[in-house]
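Could you build the full structure based on these sequences and the hints that come with them?
2 protein chains.
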Amino acid sequence: MSKNVPTYQGDDRLVELLRAAGASAALSDVKELLAGIAAAPRPLDDNEWLRLVVPSADETLRAQLVVLRETLAAEDDGIGQAGASAARLADLRAALGRQGLDGFVVPLTDEHQGEYVARRSRRLAWLAGFTGSAGLALILAEKAALFTDGRYTLQIENQTDGALYERHHITESPPYSWLEANLSTGMKMGFDPWLHSADQRHRLSEACTRGGAELKPCDANPLDEVWHAQPPRPLAAIVPQDIQFSGRESAEKRRDIAVQLKQAGAAAAFLSAPDSIAWLLNVRGADVECAPLPQSFVVLEADGRVQWFVDSRKQVAELATHLGNEITSVAPEALGDALDSLGAAGKPVMLDPATAPDWAVQRLRGAGAAIIQKPDACALPKACKNEVELNGIRAAHLRDGLALTRFLCWLSTLDGSEGVTELMAVEKLASFRAGGAHFRGPSFDTISGAAANGAIVHYRVTPESDRALEAGSLYLVDSGGQYLDGTTDVTRTIAIGTPTAEYCDRFTRVLKGHIALARARFPAGTTGTQLDSLARQFLWQAGLDYDHGTGHGVGAYLNVHEGPQRISKHPSRAALEPGMIVSNEPGYYKAGAYGIRIENLVTVVAATGLDDAERPTLAFETLTLAPIDRALVDLALMNDEELDWLDAYHAMVRDRLAPEMAPWPDVAEWLAGAAAPLDRAPV
Amino acid sequence: MSKNVPTYQGDDRLVELLRAAGASAALSDVKELLAGIAAAPRPLDDNEWLRLVVPSADETLRAQLVVLRETLAAEDDGIGQAGASAARLADLRAALGRQGLDGFVVPLTDEHQGEYVARRSRRLAWLAGFTGSAGLALILAEKAALFTDGRYTLQIENQTDGALYERHHITESPPYSWLEANLSTGMKMGFDPWLHSADQRHRLSEACTRGGAELKPCDANPLDEVWHAQPPRPLAAIVPQDIQFSGRESAEKRRDIAVQLKQAGAAAAFLSAPDSIAWLLNVRGADVECAPLPQSFVVLEADGRVQWFVDSRKQVAELATHLGNEITSVAPEALGDALDSLGAAGKPVMLDPATAPDWAVQRLRGAGAAIIQKPDACALPKACKNEVELNGIRAAHLRDGLALTRFLCWLSTLDGSEGVTELMAVEKLASFRAGGAHFRGPSFDTISGAAANGAIVHYRVTPESDRALEAGSLYLVDSGGQYLDGTTDVTRTIAIGTPTAEYCDRFTRVLKGHIALARARFPAGTTGTQLDSLARQFLWQAGLDYDHGTGHGVGAYLNVHEGPQRISKHPSRAALEPGMIVSNEPGYYKAGAYGIRIENLVTVVAATGLDDAERPTLAFETLTLAPIDRALVDLALMNDEELDWLDAYHAMVRDRLAPEMAPWPDVAEWLAGAAAPLDRAPV
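The listed protein sequences correspond, in order, to chains A and B.
Numbering-wise, our numbering puts 111 at position 111 of the first sequence, and it's gapless, one number per residue.
Numbering-wise, our numbering puts 557 at position 557 of the second sequence, and it's gapless, one number per residue.
Hints in this document: simulated from the structure, not taken from any laboratory.
Treat the hints with caution; some may be incorrect.
Okay, derived cross-link-like pairs now, BS3-like style, lysine-lysine, Cα gap no bigger than 27 Å in a straight line [to be verified]: (1) A:K374 with A:K253; (2) B:K347 with A:K569; (3) B:K569 with A:K569.
Partial pick of chain B residues on the chain A-facing surface, computed with a CB cut under 7 Å [to be verified]: (4) P523; (5) Q530; (6) G543; (7) L544; (8) D545; (9) L610; (10) A613; (11) E614; (12) T617.
Using N, Cα and C, we set each Cβ at its ideal position, and we do this for glycine too.
Structure (C-alpha cells):
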C-alpha cells in the first residue's frame with residue numbers, strides 16, 4: 001500500500017464517515033476507544049483493531065482512523081522526559097500527604113504480574129526515568145530509594161538522579177531491609193494493592209511491621225493522580241485462538257481445571273495471569289509487547305462456567321460465538337461485586353498468592369470467602385502441550401529456522417570489514433522473520449551482541465551502544481518470534497572472520513554441555529534442577545561457569561518465559577513432563593571481551609529405543625532448526641557421541657529446511673556446507 | 001586372656017574387694033552404675049568402664065565386675081518376647097487412661113534424635129515387636145497403627161500383630177493423615193516431649209488440631225510406666241578425644257560458635273545432638289551402637305563457656321583436666337532449672353528445632369526466653385574437617401583399606417562351591433578390621449548381600465536370611481569402621497565365578513557414574529543436589545536408576561551419617577565446602593536377582609591444575625583404598641577418561657597399601673593383579 005500520508009480531516013468528517021459505515025457510537029466513545037487502542041503496542045496489521053471501531057470501513061474511513069490512532073499513539077506520555085524527575089517526585093510526595101501517607105511503594109509490575117506491562121503501567125519509568133525490566137522504588141518524605149538487579153546497576157546509575165534516589169542492588173541490599181531501617185514508629189507506608197501479589201504484600205507488610213510502621217493499601221494510586229498524561233488501559237483486539245492451533249476446546253480445559261478445584265475443596269478459582277486466561281479461553285490479544293496477551297480477570301466456577309471480567313470493547317465480533325454460553329463476559333468494574341458474592345456465599349476460592357493481586361485477596365477475605373492458596377491451576381496443563389500444539393510449534397520452528405538460517409547465511413558473507421552493526425543485524429533478521437506465515441512479531445527484544453556486548457547477558461542494543469561486527473570477534477544473537485502456531489527462542493554465536501583458540505575452547509565446552517542436556521534421558525519425576533549440571537560440567541572442569549539458568553519454559557503462542565518447569569540450579573519441585581517446552585541454553589561470558597550462548601528449544605518426550613528400561617523414561621526432542629557454527633568447534637575436545645549428536649542435528653536441520661529453500665538457492669547451498677558432517681580426526 | 005569363666009562370688013565378697021581397691025561407694029551405687037554400664041553397648045575392651053567403678057582393680061576384682069556386668073547385660077529387657085504385644089498394648093492403654101489421655105505417640109527416636117538409640121529407648125520394639133530403624137506407632141483406645149518406610153514394609157508385617165496394629169507406609173499413608181482421620185473432637189493425644197523435636201511436635205500438633213483434638217505433653221512417659229524391665233540410661237565411659245585426632249582445642253571451637261551466637265543475637269545456645277556436643281567438647285563416649293557418642297545436653301554461653309548436663313559417673317578421671325575450667329559439668333536433673341534461669345534473665349536462646357527436644361523448647365519459652373531457631377551451630381564447622389582430622393581420616397582409610405583388601409583377596413579365592421555364607425563373610429571381614437590400630441568397632445552393621453539379598457538396599461543378614469555366595473552371582477558388601485582417627489564406609493560388589501554380560505553392563509554404568517562424580521570439578525557454592533545426576537546419567541540412558549541418595553556426609557570418629565551436606569536429588573541449600581567428607585555411592589538393584597553398589601568416601605578439596613579458572617573451583621579427593629572388581633568392567637562402555645581414572649585410582653590403592661603388606665605377601669601379590677591397569681581395546 002504505497003500512498004501519501006493522509007491527514008486528519010476533523011471530527012465532523014469522521015462522524016460522517018462513521019455514520020455512513022453504519023457505526024452509531026458517539027464520537028467521544030470512539031475517541032476513547034482509539035485512545036485505548038493507541039495505548040496498546042503498535043499492531044502488526046490494522047485489520048483487527050479497526051473492527052473494534054466499525055464492522056467494515058472503506059479506504060477513506062480506514063485512513064482517517066489510522067491517522068487518528070497514530071496521532072494518539074504519538075502523544076507524549078511523559079516517559080523519557082529529561083529533567084522531570086524532581087518535580088514528579090515532589091508531586092507524588094504531595095499526593096501522599098493528601099492521602100495521609102508517609103511513603104509509597106512503586107513496583108515495575110502491573111495488575112497481572114507479567115513480564116511485560118502496558119504503557120500506562122510504566123510508572124517507575126515515568127517517575128524516576130528507569131526503563132529496566134526489574135526494579136522497585138520506595139518513596140518516603142525525606143528520602144527515596146531505587147532497587148534493581150545486577151543486570152541494570154549501570155543503567156540505573158545513568159538513567160536516574162542520585163540526588164533524588166539512593167540506588168541499591170536488590171539482593172545485596174534488599175528493599176525489605178531498607179524499609180526496616182528507614183521507617184519509624186507510627187508511619188503509614190502506602191501501596192497499590194492492585195500492583196502487588198498477595199505474597200509480595202505479605203513480605204512488604206512484615207518489613208513495615210519490623211520498622212514499626214503500618215502498610216496501608218491505597219484506594220487510588222497516588223502516582224496515577226499526578227501522572228496527568230498517563231495513557232489509558234490498553235484496548236487491543238481479543239481474537240479467538242483457533243482449535244487448529246490450540247488443539248483442545250476451552251470447555252474441555254475448563255472441565256479439567258474444575259476437577260482440580262473440586263479436589264482442592266474449592267467452589268471457584270480466581271485467575272489473573274493473562275497467559276493462563278488466554279490458554280483457558282482459547283483467546284489471544286495484544287495489550288502488551290512481545291506476548292499475545294489480553295488483560296482481564298476470570299472467576300472459574302467448579303462446574304466449568306466462567307465469569308470473564310474484560311472490557312467488551314476489546315472483543316472482536318466473532319468472539320461471542322467462539323466463547324459459547326458457559327463463558328459470560330462481564331465489565332471489569334463488576335469484579336469487586338462478584339468477589340463479594342463469592343464471599344457472601346461462604347465459598348472457598350482458590351487463587352495463586354504469587355500472582356493474584358492483593359486487592360482481590362483482601363476483597364474476598366473481607367467478604368467472608370475462605371481462600372485456598374495453590375499454584376495457578378492452569379500453569380501445569382498449559383505447560384504440557386498437546387499434539388496439535390506440538391505440531392504447530394514444530395511448524396513454527398521450521399519457518400523460524402528458515403528465517404534464522406537465511407540470516408546466518410547472510411552473516412557468513414561478512415568478514416568484519418563491512419561496518420555492519422548490531423542494529424543493522426537486528427533489522428536484517430527481523431526482515432527475514434517478517435515474511436513467515438502466521439508471524440505475529442518478536443517474542444522478545446532481540447539480543448544482538450558483538451564482541452564485548454555479547455558478554456552482557458541481557459544486552460539490548462541502542463544507537464549509543466551499537467557496535468560493528470568486526471573481524472576476529474564473536475557475535476551473539478538471541479531472538480524469537482511469535483507465530484499463531486508457536487513461540488520460538490533461539491541463540492546462535494558466530495565467528496566473524498577467524499576465531500581464536502580460546503573462542504573455540506569455550507564454545508566447545510558450551511556446546512558439549514548443550515549436547516549433554518539434549519542427549520539426556522531421565523526418569524519421569526526428574527526436575528530441571530537435577531539436569532542443570534549436565535550442561536555446566538565441561539565449563540566447570542576448566543573452572544568456568546555462567547550466571548544464568550540453563551533453561552526456561554516456553555508457551556504455545558504465549559509467553560516466551562513460562563513455568564512451572566525450568567532448568568536451573570535453584571531448587572524446583574516441578575517435574576519435567578511430556579509436552580513441556582524448555583530452552584537448552586548454556587553459555588559463557590568473558591566480561592569486556594565476548595559472549596557465547598547456544599540455545600535450542602526442546603520438548604519433553606518419552607524416550608525411545610530402550611529395550612531394558614525399568615522406569616518410565618523421558619528425553620528431549622530438539623525443536624529449533626538452525627546450524628551451529630562449525631568453525632567454532634574444537635574437535636579435539638569432542639568425543640564420538642557428541643560428534644554423532646551434532647552431525648545428526650545438522651542432518652535434521654538440512655533435511656527439514658532444504659525442501660523450503662527453493663526461493664533461496666544460495667542459502668540452500670550455504671546450508672549444505674554449514675550443516676555437513678564434521679571431519680573426525682583420526683585417532 | 002584365656003581363662004575359665006568366673007562366677008559371681010556374692011555381694012559381700014565384692015564389697016570386700018572394692019574396699020581393698022580403695023573404692024568407697026555403697027554397693028547399691030556400684031550396682032546401679034553397673035546396670036547403666038550394662039545398658040550401653042558391649043564395650044570393645046573393659047579398661048574404660050572398669051575405671052568408672054574403681055580407679056584400679058586387680059585381676060580378681062576385675063573378674064567379679066566383668067561377670068556382674070555380663071549378668072546385668074544378659075537380663076531380659078522384654079524386647080523380642082513373642083506373644084507379649086497384646087498384653088503390653090493393653091497395659092499402655094490402661095496407663096493412658098490413668099493420665100486422662102485418649103491416645104499416645106510412640107516414636108523410634110530418643111531425646112537426642114540420633115540414628116542409634118540405647119536399649120532403654122527401644123520402646124517401639126518392646127511394645128509392638130518391630131525392630132526396624134524407621135517407624136512410629138499411634139495408639140488410640142480402640143485402634144492403633146504402625147508406620148514405616150518401604151525398606152521395612154515386609155519386616156513390619158512379619159514382626160507385628162495385624163490384629164492389634166494397622167500397618168501403613170509412612171509417606172503413602174502418613175501418620176498425620178491417620179491422626180486427622182481417627183481423632184475426634186475433644187480427644188487428648190499424649191506425647192513424650194523429650195522424644196519429639198520442636199518441628200515434630202509442631203506437625204503432630206497441627207494434625208491433632210485438624211482432627212479436633214489436642215496434643216498434650218506427658219510429664220511421665222506412660223509406656224515407661226508399664227515397661228517394668230526397661231533398662232536404665234546407658235552409662236558408657238566418656239573419654240577425651242586427643243588433640244592429635246581432633247586438631248583443634250575445644251576452646252577455639254567454642255569461641256567460633258560463640259561468634260555465631262552473637263551474630264544471631266543469641267545469649268546462649270542449647271545443644272542436644274550428641275555428635276555436636278562430642279565435637280565441641282572433644283570427647284567421645286559409647287552410649288549407643290556404632291557411633292562413639294555420649295548422651296548429654298549443653299548450654300553454650302556467648303562467651304564460650306559451657307554448662308554440660310551429663311551424668312558425672314560416665315566421666316573418666318582425666319576428663320576434668322581435659323575439659324578445663326570453662327566447661328562445668330552439671331547433673332542432668334539440673335537442666336530444667338538452668339533453662340528457667342536463661343528464661344528469667346530474658347536471654348535469647350538459639351536452638352535447632354529439628355533436633356532440640358520439644359521439652360526444652362517449651363521449658364525455655366515458659367520461662368520467658370526468646371527462642372532463635374537456627375540449624376545446629378556446630379553442624380557446619382564439624383562437617384568441614386581440619387587438616388589434622390583429614391590426615392587422621394586418611395590414615396584410618398589406609399588401615400581400613402588394608403582390612404578390606406585382605407577380605408577381597410580372600411573372596412577372590414571363592415568359586416561359589418565353598419558354601420561360604422553372608423554371615424561367614426561378615427565375620428571374616430570383622431576379623432580383618434579388628435586388628436587395625438585405633439579400631440573401635442563397626443561404624444554400622446555390615447550389609448552382606450549375596451545375589452537377591454544384595455538388591456535389598458538396607459539388608460541386614462540374619463541366620464534366617466543367610467545365604468551362600470554361589471557361582472555366577474554377585475556379592476555386595478557395605479561396611480565401615482570407627483577408628484580413633486576416623487570413620488570409614490565402603491561398598492564393593494564382587495563377581496563370584498564368571499559374571500553375566502548384564503551384570504557387567506549394569507556394574508559399568510554404576511562405575512561410570514561413580515567416576516563422573518569422583519572426577520567432577522564444580523564452583524564453590526555448588527550443592528550436592530546439583531551433582532547428583534552426574535552419578536545417575538549412565539543408568540538413566542538405559543532407563544534405569546536407583547532409589548537412594550548418591551552420597552551422605554561422614555563424621556571424623558563420629559556418626560557415619562552426618563549433615564548438612566549430601567548428594568541427592570532432594571533440594572539442599574548446603575554447599576559442598578573444603579574438608580567435608582561425603583560418600584560417592586551410586587548403585588543398581590534388580591529385585592529378586594542382585595544388587596550393585598560402588599562406594600568410596602571422598603573429601604572436598606580445592607581443584608588443582610586449573611590455569612584459566614575464573615572461579616574458586618572445588619573437586620573431590622578419594623579417601624577409600626580398595627580395588628574395584630575389574631572382572632565386572634565392560635570395557636566397551638568405558639571412554640579413555642574413565643579408564644584413566646580407574647587405572648589411576650588402582651595405582652593409588654596399590655602404592656599406598658603395598659608398603660603395609662609385608663605380613664601378607666599373598667595379598668600383596670593378589671592386589672598387584674587386582675589393581676593393574678586395564679587392557680584398552682584397540683580402536
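Taking the hints in turn, this is what the structure says about them:
1. A:K374 with A:K253: 18 Å, holds
2. B:K347 with A:K569: 39 Å, violated
3. B:K569 with A:K569: Since the Cα atoms of K569 of chain B and K569 of chain A sit roughly 12 Å apart, the hinted pair holds (cutoff 27 Å).
4. P523: For P523 of chain B, the interface hint holds, since the closest Cβ of chain A sits about 5 Å away, which is under 7 Å.
5. Q530: Holds: closest Cβ of chain A sits about 5 Å from Q530 of chain B, inside 7 Å.
6. G543: 2 Å, holds
7. L544: 6 Å, holds
8. D545: Holds: closest Cβ of chain A sits about 5 Å from D545 of chain B, inside 7 Å.
9. L610: Where the cut-off is 7 Å and the nearest Cβ of chain A is about 4 Å from L610 of chain B, the hint holds.
10. A613: For A613 of chain B, the interface hint holds, since the closest Cβ of chain A sits about 2 Å away, which is under 7 Å.
11. E614: For E614 of chain B, the interface hint holds, since the closest Cβ of chain A sits about 6 Å away, which is under 7 Å.
12. T617: OK, holds: T617 of chain B within 7 Å of chain A, min 4 Å.
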